[in-house]
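Chains as they are written, first to last, in the working numbering: chain G, 1 to 729; chain P, 1001 to 1328.
These are computed hints drawn from the structure, not numbers from a lab.
Model, not experiment: these values are computed from the prediction.
Misleading hints may appear alongside valid ones.
Cut-off 27 Å, straight-line C-alpha distance, at most; resulting in silico cross-link-like pairs (BS3-like, lysine-lysine) [what the hints assert, rightly or not]:
1. K136(G) x K262(G)
2. K724(G) x K1297(P)
3. K136(G) x K1037(P)
4. K1104(P) x K36(G)
5. K262(G) x K101(G)
In silico negatives: residues of chain G with every beta carbon more than 12 Å from chain P [unchecked claim]:
6. P34
7. G62
8. A83
9. R89
10. G114
11. R169
12. P230
13. G536
14. V668
Facing chain G, a subset of chain P residues (Cβ under 10 Å, in silico) [claimed, not checked]:
15. L1038
16. R1144
17. R1230
18. L1310
Each residue gets a CB set at the ideal place from its N, CA and C atoms; glycine is no exception.
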Amino acid sequence: MTEQFKMDAPATDRRLDGMAQGLVGAPLDRPEGPLKVSGTATYADEYRLENLAHGMLVRAPGNSGRVRLANRDAVAAMPGVLAVIHDPRLLRNPAQGTANKAPVQDANEAHYLGQPVALVVAESFEHARHAAHALKIELEGGTPRPVDPETAAIEPQSSKGLDQGDLDRAMTEAVHAVDVTYRTPSHSSAPMEPHASIAQWDGENLTLRGSYQMLKYNRNELADALGIHPDRVRILAPYVGGGFGSKLGLAPEAVAAAIAAKETGRPVSVALTRPQVFETTMRRSETRQRIRLAADAEGRLAGIGQAALVSNLPGEVFAEPVLQATHFLYAGENRRLSLDLARVHRLCAGSVRAPGEAVGITVLECAMDELAEAAGIDPVELRRRNIPEKDPESGKEFSSRRFREALDSGAEAFGWSDRPATRSRREGEWWIGYGMASAARVNVLMESRARVTLAPDGSAKVETDMTDIGTGTYAILGQIAGEMLGLPRDRVEVVLGDTDLPPASGSGGSWGAASSGTSVYVACQAIRAQLAERLGVAETELTLKDGQAVFDNRTETLAEILKGDEIAKEGHVLPGDTSKAVRQATFGAYFVEVAVNGVTGETRVRRMHGSFAAGRILNAKTARSQCLGGMIFGIGMALTEELAFDDRDGHVANHNLAEYHIPVNADVPQITVELLEERDDWASPLQAKGIGELGICGAAGAIVNAIHNATGVRVRDFPATLDKVIAGL
Amino acid sequence: MRPFDYHRATAPDDAARAAASGGTFIAGGTNLVDLMKLEVMAPERLVDITRLDMRGIEETGDGGLRIGALVSNTDLANDARVRRDWPVLSRALLSGATQQLRNKATTGGNLLQRTRCLYFYDRAMPCNKREPGSGCGAMEGFNRILAVLGTSDHCIATHPSDMAVAMMALGAEVEIARAGGNTERLPLDDLYLLPGDTPERETVLAPGDLITAVILPAPVAGRQSYRKVRDRASYAFALVSVAAVVAVEDGKVARADLAFGGLAPKPWRDKDVEAALLGQPPSEALFDKAADILLAKAQGHGANDFKIPLARRVLSAVLTELTEGAAA
Ligand SMILES: Cc1cc2nc3c(=O)[nH]c(=O)nc-3n(C[C@H](O)[C@H](O)[C@H](O)COP(=O)(O)OP(=O)(O)OC[C@H]3O[C@@H](n4cnc5c(N)ncnc54)[C@H](O)[C@@H]3O)c2cc1C
Ligand code: SF4
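All chains should be modelled from the sequences, with the hints used to inform the complete structure.
Here's what the structure looks like:
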């Protein structure tokens, strides 16, 4: 029985606040944590299936031309080799998140250097790798292709832009104006678990053990790529070792594994090598952003301009949504926002943690810092003065917004009042500076389903094809069910990552927790209603705690009430009118202290604080971890991370973890996180909003602003590597 | 990985014989195995030297130290004598790689690790070192980490070691068991070749030549420092590093043993720089002059241009640190 719930009106009843178990919000450990740290959680490529064969993808050595396998027969005859697959169904690049259909399939033509164009299948991983090295790919009739977004053909994305009032005029009339251009480089998600799939056919039915974030879409994408009905496809992904967007859409290795398994009649695993992760999974687009800010004498904004250039492969619809939160973060009558998409033959651009805000707000916040300096106003105060009453473009109310509180409380917790004057505090060789930035990220609710079964013994099971990509889904879904049904956490089993289970929202866009959590909540509500009915009381009169029901001054155990029956309900949530009626977003503020070496230009983040408001916090520990992860990502973005493209052919030069520098422990200081108490009735009946990406939406800006405070050097070209800093020292 | 033969060496001469015809030594394997997976190196035969008796650190008769080629980077860095008398070496080692890698990495392997040039690692790219005559992909490509000194039109790779830079400053020698049977000692500086038009030849070693030890001369008076500048706080190769042993006597520089990492195809030592410093009272102007000499022939290739001003700043800072106080 399915209980449907559409989010058409604010959920002012706040039922979770009236529950008795005390699980929701509690900083509980992730139940699967011990499995993961002891190596006993089985990831996609770790299933030792009988007769398993191994495939290795082979790359295009250039970005143009017809693909020819020059020595296919010789490679096919190599020891251990089972097949050399060059099939028109192979994917050119991964599908974009929620695509729901196959991405471009074209193994016959090279579009970017690194594109998978063939698969070698062999008895062992080592055989496959060796044969893949031996396979000669020749590209015929290629022509030079644009790889540089600055000079490539541009497609304006006018539907994303806005022209309101007269920004040019506001700029001329402004007392304080800032007109600056920043650049951010491409990033790789570089999840710890490389992308991998094992495909296994049983007659016409395919089982894929994969590392994916959004199974219901991935299943349709895989079926579409293979030309079979989705009913024939089952995807399993109980554990996913990080995704950050790179596992949203179906990727080349899955289709290659499926084709190879069919052709060889054996289960086939295809796992990406680390260089392949860098050159074939989604990149975050680089951006060039011109920001214009026009303010009066008190720093009040009269105008905001953001003109962004991003890039992608020809034909891809995804354009890094740089402007997303600039639309509503600050006031200003006159607004001109525009987005241009350059067509380049670099690997595909798509979602990487917080697409849009991660780079858009970061750069906006750097420009705000420049305005604060120009106007002689404290950066926190400048933000406070520009918090709009309503959405400055649509005039809608905000659903909930503890932005001002985050600024104030964060400044207090950090000790912002002790901020030095620009380039004034020195400890030996090191310049010390403080910086801050605001955080903002749009909030979305997605359709999602889950089944909750209350067994006769009073234990519960939650089942959905939702994924846990290391974020804490297992934890929070169990907490929500336990809270609603009055069960201790260990009486609730959570089963995830299987397309045979009710289809969920998937993990992405920070919507997973609220969407899948609501589906569990809705199912539990229906179970509560049925329990109440059995007892002949109103559901609202029923208190469930520790496996017992308390009502009318009586107490009965769940087992007694169930009398040997089980109650199974499917919860089905759909987004509704509330997503249009108000502006929904999450907010926060970052505060950072850096030390910049006056000799070498090396920057060390000394401490970092974030205050965030994201509706109800479902688990204080996993929410905090998400914020920490986002802020650490921000450290990388500010100081080290950059996919370095070779300008001549557009290939990723630094395709390994030795030269693509994510932060290591020594780069990460003590980070403190404050989660502000908030309830958002418009967002979901849980009053929760998404928090998974909020931690990166501006964090890097706070660091670069701190570098300026320390040294007086403005680095407008991310990351702020030491060479760019010493150039200004 | 390509199929290969495996031979476990039982004695140095056995190792030399096994490697003389198409064999490659494997010690910690932290560099070689990566290169084999990529088939950048594809030895026909691996000669495993890890069972040889080369793990000792012994005092030499004249106050120096003989470090066996299989001594791990961790053990060498933590040796009490090294920490006391040759701290520049201990610090250089500890600034390299990670604890796990240092546990595996050996003294001999560290000296002979290959460049981190990204084009060398990518078989779709031209690289004169990997495939002589194919061209140099890095020259006009992404060469941020590559060399500005001692390069040629054929190759601008850097030698990535930290340890070797400190050893160079300390005037270390390498002990080599030649494939022919005799044992030789060579100044470390003479081990390495500059790329010229044969960048595939990196050392004077012939196939089968086994490094058996590194010999440090007796400690000298002076202050020591290893300063490494890199793109993140740990676990990154040096963009520029300086190993220095400096002494000031009577207000004048009495010793300035300097070696540089991240700048050149080999750990770089320039006697002219040292000569310019000796006998002079330390001053900013003097350090600047030393940097002028060091960098007179430096040539950037775009993305690595910054190394030239960076090397100047770091050299000056190191000399300031090591002469401060002593000058008065
Ligand atoms: C991610 C990463 C980061 C790193 N960061 C740093 C860093 O910051 N600083 C740094 O200095 N190093 C760094 N390293 C490199 C590391 O120090 C070297 O890989 C290591 O020292 C090599 O020693 P090994 O014993 O493992 O050599 P192997 O890989 O076994 O051998 C390397 C080479 O030396 C030859 N060889 C080995 N022993 C002998 C011998 N006795 N005689 C003759 N030939 C021999 C082998 O044939 C092979 O060609 C890093 C490595 C990695 C993978
Ligand atoms: S610098 Fe040397 S190692 Fe690098 S590509 Fe050029 S030749 Fe090869």
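Against chain P, does G62(G) hold up as non-interface, every C-beta pair farther apart than 12 Å?
violated (8 Å)
For V668(G), is the shortest CB-to-CB distance to chain P above 12 Å, so the non-interface label stands?
violated (9 Å)
Please verify whether K136(G) and K262(G) have alpha carbons no more than 27 Å apart.
holds (24 Å)
Mind checking the alpha carbons of K136(G) and K1037(P) for me, to see if they're no more than 27 Å apart?
With Cα atoms ~17 Å apart, K136(G) and K1037(P) stay inside 27 Å; holds.
Should the hint that L1310(P) touches chain G count as held when the rule is a Cβ pair under 10 Å?
holds (6 Å)
Would you assess whether G536(G), listed as outside the interface, keeps its beta-carbon beyond 12 Å of every beta-carbon in chain P?
holds (65 Å)
Would the hint linking K1104(P) and K36(G) be met if the CA-CA limit is 27 Å?
Given pair K1104(P), K36(G) holds - Cα atoms ~26 Å apart, limit 27 Å.
Reported absence of P34(G) from the contact zone with chain P (all CB gaps over 12 Å):
holds (23 Å)
Please verify that hint: R1144(P), Cβ, nearest Cβ of chain G, below 10 Å or not.
At 7 Å from the nearest chain G Cβ, R1144(P) passes the 10 Å test, so the hint holds.
Check the non-interface label on A83(G): least C-beta distance to chain P beyond 12 Å or not.
Nearest chain P Cβ is 20 Å from A83(G), so the label holds.
Going by Cβ atoms, does R89(G) stay more than 12 Å from chain P at every point?
It holds; R89(G) is separated from chain P by about 24 Å at its closest Cβ, greater than 12 Å.
Need the status of pair K262(G), K101(G): alpha-carbon distance at most 27 Å?
holds (21 Å)
This entry does not satisfy hints 7, 10, 14, going by the numbered hints stated previously.
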